[in-house]
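So the sequence lines, in the order shown, correspond to chains F and H. Heads up: the first sequence is residues 1 to 631, going by our numbering. Heads up: the second sequence is residues 1 to 332, going by our numbering.
One or more hints might be untrue.
[Stated by the list, open to error] Quick list of the computed label-pair ranges, beta carbon to beta carbon:
1) F:N337 to H:T3: 49 to 55 Å
2) H:T146 to F:D309: 24 to 30 Å
3) F:A574 to H:D327: 41 to 47 Å
4) F:D309 to H:E15: 33 to 39 Å
5) F:E600 to H:D207: 54 to 60 Å
6) H:T146 to F:K137: 54 to 60 Å
7) F:A75 to H:N332: 45 to 51 Å
8) F:E443 to H:Q306: 29 to 35 Å
9) H:C19 to F:E517: 45 to 51 Å
10) H:F275 to F:G513: 53 to 59 Å
11) F:G513 to H:A189: 47 to 53 Å
12) F:A178 to H:N332: 40 to 46 Å
13) F:L484 to H:K230: 43 to 49 Å
[To be verified] The list that follows gives simulated cross-link-like pairs (lysine-lysine, BS3-like), each with its CA atoms no further than 27 Å apart:
14) F:K211 to H:K313
15) F:K211 to H:K311
16) F:K445 to H:K311
17) F:K137 to F:K112
[Claimed, not checked] Away from chain H, derived, C-beta distances all over 10 Å, residues of chain F:
18) R27
19) E29
20) Q44
21) K163
22) N175
23) L217
24) N218
25) V446
26) N447
27) R460
28) L465
29) P519
30) K549
31) R557
32) D572
33) G613
Treat the hints as calculated values from the structure; they're not laboratory data. Note that the Cβ used here is the ideal one computed from N, Cα and C, for glycine as well.
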Amino acid sequence: MALPPEAAGHAAQSSALGGATRKSGERVESVVIRFAGDSGDGMQLAGMQFTAESALAGNDIATLPDFPAEIRAPAGTIAGVSGFQINFSSDEVFTAGDEPNVLVAMNPAALKANIDDMPPNGVIIIDREAFTEANLKRAGYTSNPLTDHSLDKYQVIQVDVTKLTTRALHDSGLNNRAVFRCRNMFVLGMISWLYQRPIESTIKWLEGRFKRTPELLNANLKALKAGYNYGETTELFTSSYEVPAARIVPGTYRNITGNSATALGFVAAAVKAGRPLFLGSYPITPASDVLHELAGYKNFPVYTFQAEDEIAGVSAAVGAAFGGAIGVTTTSGPGMNLKAEAIGLAVKTELPIVITDIQRAGPSTGMPTKPEQADLLMAMYGRHGESPLPIIAAATPADCFDCAYEAVRIAVKYMTPVILLTDGQLANGAEPWLLPDVNKLPEIKVNFRTDPEGFMPYIRDPETLSRPWAIPGTPGLEHRIGGLSSEDLTGNVSYSPANNELMVRTRARKIAGIAREIPPCQIFGDETGGPLVVVGWGSTFGSIREAVKQLREKGKRVSHIHLRYLNPLPSDLAEKLRRFEKVMVAEMNMGQLLKLIRAEYLIDAIGCNKIQGRPFKVSELTNRITRALEG
Amino acid sequence: MATALTRKDFVSDQEVRWCPGCGDYAILAQVQKVMPEFGIPRENIVFISGIGCSSRFPYYMNTYGFHTIHGRAPAIATGLKVTRPELDVWVVTGDGDGLSIGGNHLIHCLRRNVDLKILLFNNRIYGLTKGQYSPTSEVGKITKSTPAGSVDYPFNPITVALGAHASFVCRTVDVEQKHLGDMLKRAHAHRGASYIEILQNCNIFNDGAFNELSDKQIKADYQLVLEHGKPLIFGKNRNKGIRMNGQRAEVVELGNGITEKDLVVHDETNLALAFMLANFEPPLPTPIGVFYAVERPTFEEAVNKQLEEAKAKQGPGDLQSLLNRGDTWVVN
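Extracted from the complex, chain H is given alone in its bound form:
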């Protein structure tokens, strides 16, 4: 690296046009803040997005960027990453873009383990189209398109990713700046598809959707911060923990004979544990952090390896002999 980049180097000359107070600002600020730490020249970084509020993101990053069509960013990014594996490719999507119209591309990109950093902004609402329920909206949600309440059972973005055997799955919150920054760094360090669900507040159409996770007064009692190799402890006084009762998790208070040794210890490599944590519902706390992280071969590595092997075995392609292949005959 020549000269070290700073946050400012990643700020584009475009005016940011999200609604005032939108959680997207906090995410943009944190991405721009951590980006210099990766030591990657700006020209080798590409942000690719679909459609939706979150998908305006690339315009605000002073890197290469491609604002594409609704739901297709993972497919477009796959074509780029496979042919240009040296690039650092990020995908920015939302709960509608990534889990509704583009759900198919998202799951296939995760199962293939394309080395993309996927930021899924989940605000549980359609913002850009002005307030319809999304595939992560809770049942009963009253919106413009569901005046009597939504009857759709929602997706859990984490179990969707785990179901596709994504190799890196984490969750964070827009206002948890340090945690968000840590997750971005973890995701970037991971080789393979890295999936970050960012709970993001839409203060216009779904304000307070994640209040219990962002309100400083109460969040410690609702939020369980996952740390690999550490017992599952939470609460303002860090006096609550998760213990297995048979095959079910339960909240216990530490003390009265219950010690940390009785608690579940987080293991990022345990898919079954990740599923269990992802399915926590009240009174269990909402986990944030890395649910699951394992190494497996990336798609673009495997594809390019086959190309290299073919070249090693057959030599570089010779066009004339390819055309002349098979039975030929000469007419004089």
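This is chain F alone, in the form it adopts within the complex:
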């Protein structure tokens, strides 16, 4: 979908190369920009502000931050390169884009780390002064790419970012280091002009951020405006580009990251349930931002407990749920391993908590800042004993809100722990979010048992099979629960073989029964079936949908089914999959949903897998799907 600006017309192309004719407002449909620099260069901030500006300009957007796990790797090295990619469009956007149309490289390392992703004729904007001998050496260049013709197939625009920023701030009174740190605002101003983004939102944001340091505020504002004006007056860019507003569903929008949406989903669910929210969590990448965000919502009330370890995080959530709060915990793969035993306790004692696994590339410490989907089978089976629980996965950053909300709703209704799966890409990626009307959110009904008459800890609701939520402080309901096998109804410790099987099967039936309220699977494409359907879950939604859409526009008969509910699976899934000659499961692991589908339905599905800590490129999927259609 992404039309590169240079393809919008010859004028644009020559202008980018330094042509003399000034034009304004070349209209392009869609642009992908990647900001890349050293970890300390503020590329994430520049990217996020550009995203906000684009969202306010009415574009549909998707973003993908890509940063190293090291907070500050040695300056100027490849390991320290931090990137932020945004796809903004006047059409619907599903991914952050395969290849950038424009790469902003603040130093040689940023160029080297990203050049392989650039298409021929792509625009590369570099800070010329950063290409010093020392920096080239740090990045591993043996010759200067700006002069050795290795970049001839790209449109390289050299800007003296450092010098221009320094000049703009000559009377700021700041030292060289502080001035250097304003380069990101200069670049943001320049790119904002190039794509006709309003910079008011960035100005407002800077005013908030530097409220207490007026000298830094002034410097950043000056750099931003200097960059903007430079874009306008310089002849490097002979044209700016206009990406018109997208035709999207009417309503009020804001830009949101997946982690922020997850946090808000939990708050919303707790408010609707009329109970306090309790988050027990231990800091871990990429989950910590949920803890940070929720820590700011104390007045709702939201309790945040930074626990001594992952186990204490989930255990405290279990304790809070025992007392009647909405208990949640957030973590990533390594933390999930540690929480398994306490999750099993919540399964056995049938207490409602939500465990959020913001998946990252493993195994072990793996690549903490990179996304993966390889925790699905752990979520399904990663506990001892028979301990099924519901699993929900978010598809997009904004969808994290709905999924977090739904996870709490199911947990409370069915008195069960629920696992919510997102990943590093959703967590830090952003998109416009159509703000929900809180009055229209689904009901979350908390019915604490108060009547001692006929009360037993494991007496069950005949429809949902959930047991009563009988919280301490309720007279006449004093009872004991625990991890030991317990007798049906009374909950007394029991080693009866038949009773154990009854309880295990009853809990399994309770979870399986949730399928009753899972909406039917939507087939995007050939409703009545066809040669191939691609099944996906989680953050691969965007890439798969875009790939399927592109192929269908070319007349290929491929369809897409996206799964939000992974346990239980929708009850109509098997029948819908059987409408297709071939079923392909695309996921960022070695075939985990694939295994489930083959095991559950005896359907001979094929896998499409990637384990690189990077989302699927649309082109990777279209190639793979095309081969499958031909094969």
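Given the coordinates of chain F, assemble chain H onto it according to the supplied hints.
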């Protein structure tokens, strides 16, 4: 309070399944005995335990109870107490549960000063798993897992708690029923994490581990009962005391010019003194009683205060305006 509760009100309908002769019976009996004195309705009392013999305790109390997983009771209790500060929350743990697998949660709960009453049954052995050495077993201990004797240097449960700056630290003995009852009352009256090490006899796997503290014939010569503001005196004839010799404590006999005025006077608020007492080794006697007790803000108070302050400052949370926060735009 409506009607006064009695011991029987706290006895659950479950059959107690500890080994006959286990020290746990005495502890259970004393807890059930003192519980009515607190005047707290049963529904507001919660017992939370981990795994081990001691952790069966909640099943036998006719209150709310949660028998959880190995070592995690303090963390689970923290989640409950913070969100429900009005509840009276007790944690029952053992030397393996609390000091080995759950050591981390225990120390963090103590340093945070969560208002939990923590009963640590110390029998210096793993009973439920049938007789392996524990983190409080003495060096050289011969057990099933240490046929050549344990080479692990043990934890001292009192110094562990003092090291975490627990605000209330005491020690008692299962068979010392009156002393145990007094300690339970002191612990309950304390606001903050109250830590009671209860030396408890496992008559199956480690019988007689604390003989010198429980044998009526000899215990007075081995046991030093700590009392705030009183000189450190012990012995069958109460003729022995603790005196400082430079920076070291020593046992002296009263008389021959040595009077009570020469003895150390116990001060529950002196952390350094508490450490010294906790480290007493023969020929010094074993102290029981309150080593250390100070007031400091409790965790759940501090947390809930922040919530109240946020509410006072920002008003009660408004969900719609929270969702609509920041830069928004309207698409028509």
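Here's how the hints hold up against the structure:
1. F:N337 to H:T3: 49 to 55 Å: Taking Cβ atoms as reference, F:N337 and H:T3 lie about 50 Å apart, which means the hint holds.
2. H:T146 to F:D309: 24 to 30 Å: Check passed, 28 Å falls within 24 to 30 Å.
3. F:A574 to H:D327: 41 to 47 Å: holds, 45 Å
4. F:D309 to H:E15: 33 to 39 Å: Roughly 36 Å apart at Cβ, these two residues keep to the hinted range, so it holds.
5. F:E600 to H:D207: 54 to 60 Å: holds, 55 Å
6. H:T146 to F:K137: 54 to 60 Å: holds, 59 Å
7. F:A75 to H:N332: 45 to 51 Å: holds, 47 Å
8. F:E443 to H:Q306: 29 to 35 Å: Holds: the Cβ-Cβ distance is about 30 Å, inside 29 to 35 Å.
9. H:C19 to F:E517: 45 to 51 Å: holds, 49 Å
10. H:F275 to F:G513: 53 to 59 Å: holds, 58 Å
11. F:G513 to H:A189: 47 to 53 Å: holds, 49 Å
12. F:A178 to H:N332: 40 to 46 Å: Because 43 Å falls inside the window, the suggested range holds.
13. F:L484 to H:K230: 43 to 49 Å: holds, 45 Å
14. F:K211 to H:K313: holds, 20 Å
15. F:K211 to H:K311: Measuring from Cα to Cα gives roughly 24 Å; hence the hint holds.
16. F:K445 to H:K311: holds, 24 Å
17. F:K137 to F:K112: holds, 12 Å
18. R27: About 19 Å separates F:R27 from the closest Cβ of chain H, which puts it past 10 Å; holds.
19. E29: Holds, because the least Cβ-Cβ distance between F:E29 and chain H comes to about 18 Å, which exceeds 10 Å.
20. Q44: Holds: least Cβ distance 17 Å, greater than 10 Å.
21. K163: It holds; F:K163 is separated from chain H by about 32 Å at its closest Cβ, greater than 10 Å.
22. N175: holds, 32 Å
23. L217: The assertion about F:L217 holds, with a minimum of 18 Å to chain H.
24. N218: Given that every Cβ of chain H is farther than 10 Å from that of F:N218, nearest at about 22 Å, it holds.
25. V446: Holds: least Cβ distance 14 Å, greater than 10 Å.
26. N447: Answer for F:N447: holds, closest chain H Cβ roughly 18 Å.
27. R460: Label holds. Min Cβ-Cβ 20 Å, cutoff 10 Å.
28. L465: holds, 22 Å
29. P519: With a cut-off of 10 Å, F:P519 remains clear of chain H, as the shortest Cβ separation is near 23 Å.
30. K549: Nearest chain H Cβ is 21 Å from F:K549, so the label holds.
31. R557: holds, 33 Å
32. D572: The claim holds: F:D572 sits with its nearest Cβ about 32 Å from chain H, beyond 10 Å.
33. G613: holds, 30 Å
The structure is consistent with each of the numbered hints, conforming to all of them.
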